[in-house]
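Per full-length UniProt numbering: the sequence shown = residues 1 to 651.
Accuracy of the hints is not assured; some may be wrong.
[Stated by the list, open to error] No more than 16 Å apart at the CA atoms, straight line, and that leaves these computed lysine to aspartate or glutamate pairs for EDC-like: (1) 246 x 227; (2) 146 x 102; (3) 472 x 496; (4) 507 x 531; (5) 75 x 105; (6) 575 x 546; (7) 77 x 102; (8) 146 x 100; (9) 338 x 313; (10) 567 x 546; (11) 286 x 264; (12) 564 x 524.
[To be verified] Just the calculated beta-carbon pair ranges, DEER-fashion: (13) 275 x 504: 32 to 42 Å; (14) 153 x 269: 32 to 42 Å; (15) 5 x 153: 37 to 47 Å.
Hint data in this document are derived by calculation from the structure and do not stem from the laboratory.
The structure presented is a predicted model; accordingly, all values stated were derived computationally and were not measured.
Where a beta carbon is used, it is the ideal one built from N, C-alpha and C, also for glycine.
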Amino acid sequence: MLNGSLPVSVFGLQSLQVLILSSNNFSGPLNLNSILNLTNLSTLDLSFNSLSINATISDPASFPLIHTLKLASCKLKRFPNFLEEKSKLSILDLSANQIDGEIPDWVWTKSSLGYLNLSYNFLVNLQGPLQAPSSSLSILDLRGNKFQGQLPKLSSDLAYVDYSSNNFSSMIQFYNSSGTFSFILLSNNNLQGSIPESICDATNLQVLDLSNNSLNGAIPQCLNEMESLNVLDLSRNNLSGNISDKFSSNCSLQTLNLTRNHLEGKVPRSLTNCARLEVLDLGNNKISDTFPCHLKNMSKLKVLVLRYNNFYESINCLDDKSSSPPLQIVDLASNHFKGELPYRWLHTWKAMKFASDELEVLVLEENVRFELDHNHLDPYRPVYGCYAKDRSVLSERAPDSYSAMPSPISYIPSPKGNVRVCSDVYGHEGGSNIFSQGIYYRYAATITIKGSETRLVKILSLLTSIDFSCNKFEGQIPEVLGEFKALYALNLSHNDFTGLIPSFLGKLQYLESLDLSSNNLSGEIPQQLGDLNFLAVLNLSHNQLEGRIPSGSQFQTFSEDSFKDNKGLCGMPLKENCSVVPPSEYKHSYDGTHIDWNFLSVELGFVFGLGIVILPLMLYKRWRVWYYKHTDGLLSKFASRLNQGGRNRGR
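Make the full structure from the sequences, and use the hints.
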């Protein structure tokens with residue numbers, strides 16, 4: 001990575017056609033007037049440095065051949081004034097700057113412009129009356145500004161449009177919707193009304209994200225019947241009614257996110273037609289159903305979220321021969337499930353049994369890919385990459401000014417770290433150029449980890465989590481959970497589990513969050529839990545545990561709340577000290593096997609003294625003769641004295 005000031009010598013290369021210095025650490029001010037000598041320049045990319053660029057040029061005729069201009073994250077405060085007359089301009093990226101006010105009219109009328117990224121500025125309006133973008137524009141990104149009111153019209157030639165994270169309030173207007181739309185991203189606005197069925201006329205639509213708005217009414221049935229749709233995210237709205245049970249037999253859905261609505265009814269059985277489905281999030285609705293056993297045949301399902309609904313009865317739909325999808329995240333919290341956890345079902349969760357450092361090949365085929373014309377459109381800055389066992393990004397990140405901006409779209413750079421191979425949708429393997437230019441949509445799901453909601457954004461995230469809290473599960477904690485080496489979070493709280501806390505939980509070496517609170521668990525806390533080096537959140541409160549709290553290094557970091565309302569527990573961090581056991585109790589605790597040395601010393605002394613007298617009598621004749629002779633003499637004298645004393649008393 002280069003740093004310091006931009007090399008002035010470069011600006012003297014009058015024949016230079018392409019200048020790309022992006023993603024370095026160049027700093028300081030730069031006025032584009034200082035590079036006017038580069039009259040043959042066709043591509044200029046200074047994005048993602050620490051530069052402060054003034055793009056106001058004294059001669060509007062400068063850079064007559066420019067067709068690609070990328071000044072993302074360059075602290076620009078206004079549109080470059082020289083671009084209006086540039087007839088060859090096809091790619092313009094001014095994202096992540098400080099441009100405010102209006103988008104000038106000439107932007108929409110420039111017939112050569114195919115790619116426009118003005119995201120993350122302070123734009124509030126369009127200059128002049130609202131009009132459809134130019135017919136040549138294929139990619140339009142206006143997310144993260146301050147637009148409000150009516151949505152700009154969508155041209156029939158647009159393939160990718162992102163108006164998310166603004167304050168638009170009117171519902172979508174589609175003009176010639178049967179055009180080339182592939183991505184429509186309108187999340188995080190204030191859109192109201194119902195979803196128009198005309199949206200289904202976009203027969204090439206791959207991604208539709210209308211999440212986090214104020215939409216109401218039913219979900220159009222035609223959306224379920226679309227065969228091209230890969231991602232449907234309608235989460236965090238006010239949608240109601242049943243989910244249509246008419247998913248196409250050629251369903252291509254990979255993500256279906258309907259969380260936080262008012263949907264009712266049952267989980268559609270026709271979802272099994274969506275053989276590529278990876279993420280199913282139906283949480284926070286009013287669905288009333290038994291566990292959707294038909295999902296067991298979905299061979300790619302990795303995320304299943306059913307939390308906060310009205311699911312009921314036991315989970316007992318899997319027989320011995322049943323297969324199971326490669327689940328990594330299962331959230332059934334806050335329902336009415338009951339009975340014991342099904343061992344056979346849990347045993348089939350193969351993906352949770354392999355820690356992420358055991359993976360050698362990561363496959364990107366599950367991501368939604370959007371191809372771009374290499375000769376006409378140029379992708380913008382990579383943001384995220386592949387993930388390794390420490391769940392950190394292995395590839396380079398963009399500067400903080402850009403990477404902090406959430407977006408469902410990103411480019412994946414070359415793999416690094418201990419990931420051996422990253423394979424794209426076509427199976428290409430190799431070095432830094434294995435990813436051809438394209439856009440990948442990152443899946444997202446919201447789960448509760450460590451006591452708070454976490455939105456997980458997916459590009460091969462290896463996080464695994466189980467949340468069965470707030471149900472009526474009972475019985476002992478099944479031993480199969482000890483096989484889930486990759487498990488990151490386990491929440492079994494607010495159920496009726498009984499028995500001991502199993503020591504095999506100490507085998508979950510990557511476990512960071514464990515919540516077993518509000519059950520009927522008894523006995524001591526296994527010492528093995530103290531060996532979990534990554535454990536950051538622990539809650540064992542409101543049980544019937546007893547004994548000393550383990551003294552592992554991680555246990556010293558937990559507060560009293562982690563152990564409260566267990567009357568038999570003692571030791572840090574609780575105020576109850578573990579008392580010293582009295583001697584009588586101590587002796588009793590060993591079931592009579594304890595040796596009392598005070599009594600034993602007296603007995604040994606007596607036996608030893610007796611042995612000194614008896615053994616010589618048994619082994620030596622002379623000693624016996626001497627002993628008997630003297631003993632008889634002493635006894636005769638003693639007896640005669642007793643007789644004489646008796647006669648004297650008789651007188």
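Quick rundown of the hints versus the structure:
1. For the hint linking residue 246 to residue 227, the alpha-carbon distance of about 12 Å falls within 16 Å, and the restraint holds.
2. Among the hinted pairs, residue 146 with residue 102 is consistent with the structure: their alpha-carbon atoms are about 10 Å apart, no more than 16 Å.
3. A distance of roughly 6 Å separates the Cα atoms of residue 472 and residue 496; the hinted pair therefore holds under the 16 Å criterion.
4. For the given pair, residue 507 sits about 9 Å from residue 531 by alpha-carbon distance, which is consistent with the 16 Å threshold.
5. The straight-line distance between the Cα atoms of residue 75 and residue 105 is roughly 22 Å, outside the 16 Å bound, and the hint therefore fails.
6. Taking the CA atoms of residue 575 and residue 546, the gap is about 14 Å. The hint holds against a cut of 16 Å.
7. For the suggested pair residue 77 and residue 102, the alpha carbons sit about 12 Å apart, so the restraint of at most 16 Å is met.
8. Among the hinted pairs, residue 146 with residue 100 is consistent with the structure: their alpha-carbon atoms are about 9 Å apart, no more than 16 Å.
9. Proximity of residue 338 to residue 313 is assessed by CA-CA distance (about 6 Å); at most 16 Å being required, the pair is judged to hold.
10. Of the pairs offered as hints, the one joining residue 567 and residue 546 holds, with about 7 Å between alpha carbons and a cut-off of 16 Å not exceeded.
11. Straight-line distance between C-alpha atoms of residue 286 and residue 264 comes to about 5 Å, which keeps the hinted pair within the 16 Å bound.
12. Pair hint residue 564 plus residue 524 holds up; C-alpha atoms about 14 Å apart against a cutoff of 16 Å.
13. At about 35 Å, the beta-carbon gap between residue 275 and residue 504 stays in the expected band of 32 to 42 Å.
14. Checked against the hint of 32 to 42 Å, the C-beta distance between residue 153 and residue 269 comes to roughly 39 Å, which is consistent with it.
15. Residue 5 and residue 153 have their C-beta atoms about 44 Å apart, which keeps the hinted 37 to 47 Å range intact.
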